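Asks: Chains A and B, in that order, are what the protein sequence lines are.
For the first sequence, the working numbering assigns the number 1 to the initial residue and increments by one for each residue that follows.
For the second sequence, the working numbering assigns the number 1 to the initial residue and increments by one for each residue that follows.
Because the hints were derived from the structure by calculation, they are not lab data.
Check before you lean on any hint, since a few could be wrong.
[Claimed, not checked] In silico EDC-like links for lysine to aspartate or glutamate, alpha-carbon gap of 20 Å or less:
id : chain 1 : residue 1 : chain 2 : residue 2
1  : B       : Lys37     : A       : Glu56
2  : A       : Lys41     : B       : Glu14
3  : B       : Lys37     : A       : Asp96
4  : B       : Lys97     : A       : Glu44
5  : A       : Lys22     : A       : Glu1
6  : B       : Lys97     : A       : Glu53
7  : A       : Lys36     : B       : Glu40
8  : B       : Lys97     : A       : Glu56
9  : A       : Lys22     : B       : Glu40
As the structure is a prediction and not an experimental result, all values here were calculated from the model.
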Amino acid sequence: ETGVTQTPRHLVMGMTNKKSLKCEQHLGHNAMYWYKQSAKKPLELMFVYNFKEQTENNSVPSRFSPECPNSSHLFLHLHTLQPEDSALYLCASSQDPANIQYFGAGTRLSVL
Amino acid sequence: QQPVQSPQAVILREGEDAVINCSSSKALYSVHWYRQKHGEAPVFLMILLKGGEQKGHEKISASFNEKKQQSSLYLTASQLSYSGTYFCGTESQGAQKLVFGQGTRLTINP
C-alpha cells in the first residue's frame with residue numbers, strides 16, 4: 001500500500017464512451033502526475049499538477065482532460081478515445097515535482 | 001531530456017550480478033531508481049543526491065558520478081525477487097522535475 005489509490009483498476013470502453021479515472025493520495029503531497037505505460041514502452045509523462053495548478057502537459061491529445069480539484073485528488077476524463085490509447089494509466093504523487101514519487105496500482109484501460 | 005538506460009534487457013541466472021547504467025546529457029542534481037514488477041506499480045528504491053555518492057539497499061546498491069552525468073545500479077547475487085523493470089529518474093540542475101529513462105527489463109532465472 002503506497003498511499004496512492006486509483007479507481008477503477010480495470011476499464012473497458014468503446015470509442016464513443018466518456019469515462020473518468022480517479023486518483024487519491026493520503027500522503028499530504030503537493031504534486032500529482034498522470035503517466036501512460038504501454039506494453040514494452042517506458043513511462044510516458046502526461047500531466048503534472050503542483051498545488052492544484054497544471055505545470056506540465058506533455059503534448060497530450062485533447063481527448064484526455066485532467067482535473068485536479070485539490071491536492072489530494074486527480075482525475076483523468078476520457079472521451080472519444082482510440083484503440084491505441086489502450087494502456088496502463090498510472091497516477092503518482094510527491095512532496096514536490098523533484099521529490100520521490102509514490103505510484104498507484106494503475107488503471108488498465110482497454111478501448112474497443 | 002530523457003536519460004538513456006543500458007542495457008535494455010538482461011537475463012541472469014540466480015546468484016549472478018548485474019549492472020544497469022543511466023546516462024544524461026545534462027548536469028544532474030539527483031538520480032532516483034525505481035523497480036516495477038510485472039503487473040505492479042513502480043516502487044522507489046533509492047535516491048542519490050551528491051556526486052560520487054553511493055547508497056545500498058540489501059544487495060542492491062547504486063553510484064552517482066556527477067562528472068560523467070551518470071548513475072549505475074548494482075545488483076549482486078541476484079535473487080528471483082529482483083526480476084522486474086528498473087527505471088532511473090533524473091533531476092537536472094535547475095529543472096525541479098524528474099524525467100524517467102526507458103527502463104531496463106531484468107529477468108532472473110532459477
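Asks: So, for every hint listed, does it hold in this structure?
Replies: Quick rundown of the hints versus the structure:
1. A distance of roughly 27 Å separates the Cα atoms of Lys37(B) and Glu56(A); the hinted pair therefore is violated under the 20 Å criterion.
2. Between Lys41(A) and Glu14(B) the alpha-carbon distance is near 26 Å, which puts this suggested pair outside the 20 Å criterion.
3. This hinted pair does not check out: Lys37(B) and Asp96(A) have alpha carbons roughly 25 Å apart, beyond 20 Å.
4. This hinted pair checks out: Lys97(B) and Glu44(A) have alpha carbons roughly 14 Å apart, not beyond 20 Å.
5. In summary, the hint linking Lys22(A) to Glu1(A) is supported, as the alpha carbons are separated by about 17 Å, within the 20 Å threshold.
6. For a cut-off of 20 Å, the pair hint linking Lys97(B) to Glu53(A) stands: about 15 Å separates their Cα positions.
7. For the given pair, Lys36(A) sits about 14 Å from Glu40(B) by alpha-carbon distance, which is consistent with the 20 Å threshold.
8. Note on Lys97(B) and Glu56(A): the hinted pairing holds, with a Cα-Cα distance of about 10 Å set against a maximum of 20 Å.
9. As the CA atoms of Lys22(A) and Glu40(B) are separated by approximately 18 Å, the hinted pair is consistent with the 20 Å bound.
Violated hints, in rising order: 1, 2, 3; the structure is consistent with all others.
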